[in-house]
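*Asks:* Work the whole structure out from these sequences, hints included.
2 protein chains.
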Amino acid sequence: MSPFPGPLAALIAEFERLPGVGVKSAQRLAFHVLRMPVDDVRRFGQALTQARESLGFCRVCQNISEGETCEICSDPRRRADQICVVAEPKDIAAMERLNEYRGLYHVLHGLLSPLDGIGPENLKMRELIERLRDESMQEVVVATNPTVEGDTTALYLARLIKPLGVRVTRLAHGMPVGGELDYADTATLLSAFEYRREL
Amino acid sequence: MSPFPGPLAALIAEFERLPGVGVKSAQRLAFHVLRMPVDDVRRFGQALTQARESLGFCRVCQNISEGETCEICSDPRRRADQICVVAEPKDIAAMERLNEYRGLYHVLHGLLSPLDGIGPENLKMRELIERLRDESMQEVVVATNPTVEGDTTALYLARLIKPLGVRVTRLAHGMPVGGELDYADTATLLSAFEYRREL
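Top line first, the protein sequences correspond to chains A and B. The opening position of the first sequence corresponds to residue 1 in this note's numbering, with each subsequent residue numbered one higher. The opening position of the second sequence corresponds to residue 1 in this note's numbering, with each subsequent residue numbered one higher.
Please keep in mind that the hints were generated in silico from the structure rather than gathered at the bench. Every clue listed holds true.
Identical copies go unnamed one by one, so any copy, or any two together, can satisfy a pair.
Straight-line distance between alpha carbons at most 30 Å, and here's what the computed DSSO-like set of lysine-lysine pairs gives:
no., residue 1, residue 2
1, K124, K24
2, K162, K90
3, K24, K90
*Replies:* What follows is the structure in structure tokens.
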């Protein structure tokens, strides 16, 4: 039985459901909310439902999007013959910070991980292959993390895509092996992009 | 400029405002919300505003309360001649787990900390002294953390309360010095309660 009044216990339980938030952190966050100005709490609650309700995933590249098609896919100034494949939407932000890549993206929403039971059917791979049927497609840049799962996914994609006559490259290992794409500094990531190699 | 669509950037900003949540954690939490079932997100949002709007602080003991007076203060089975003074509402939960203490509580909402500019006027001390005017009051048990701030607050309270003819005791140092009341195991906290000493 929770020693806290119902609404507080309910809020602690909601915080505990978030990834990486334990019992003590959930309590700390809930107590913080009780001391916040009531308008701030209302704005936080609205931000939650509004983000969830107004955002979906782009039907082309699977990135987070407010409309059916995301801003990058709808932008006529982007090169339509290059696709950069990333694991998560936040990795697109890392690539965009370079101000160097001008092509499109594809978000897999994960990486192959046989040990965790994550196979190609759990990722947005079929949707990627569909996009490559367009004959004008020149290159797929695989920008997965340089980890076991990232390497596995990159090699799998290369085997899948090359027979379609599309060039497959990968970010150079300029980043520390075992690191996370999302944490790389711009200079490192830029050189990794420039020295991307044929798979 | 945020690389994320408006509603997502807004949600990340809200998470970042919480204590102990950095940029990367805020992004991780916000992305998690986008993948949660929409009903779960609505329930989370409601839990936030409901907790904040339905809960206040007990006008007697300053504990979190749904009504004007909290459940403990309204319970006629509690001894009304003993008050246990704690720093935070969560410390009441720690004491209640003992199933040993049957008196009332008083929440200071902080501890004296001259370096941080927190003096008696920033805590619920005046409200505590008001309660001691009741002639039937026998004992004040100071249950502050065994830290510099907790010790300072306990000594300050002893000096303030003893002249009123009320016994002032303190939890024994059975807990590791520098530790947090809220993290102590029940056995340790129980012995600390049993060997509470006169101040």
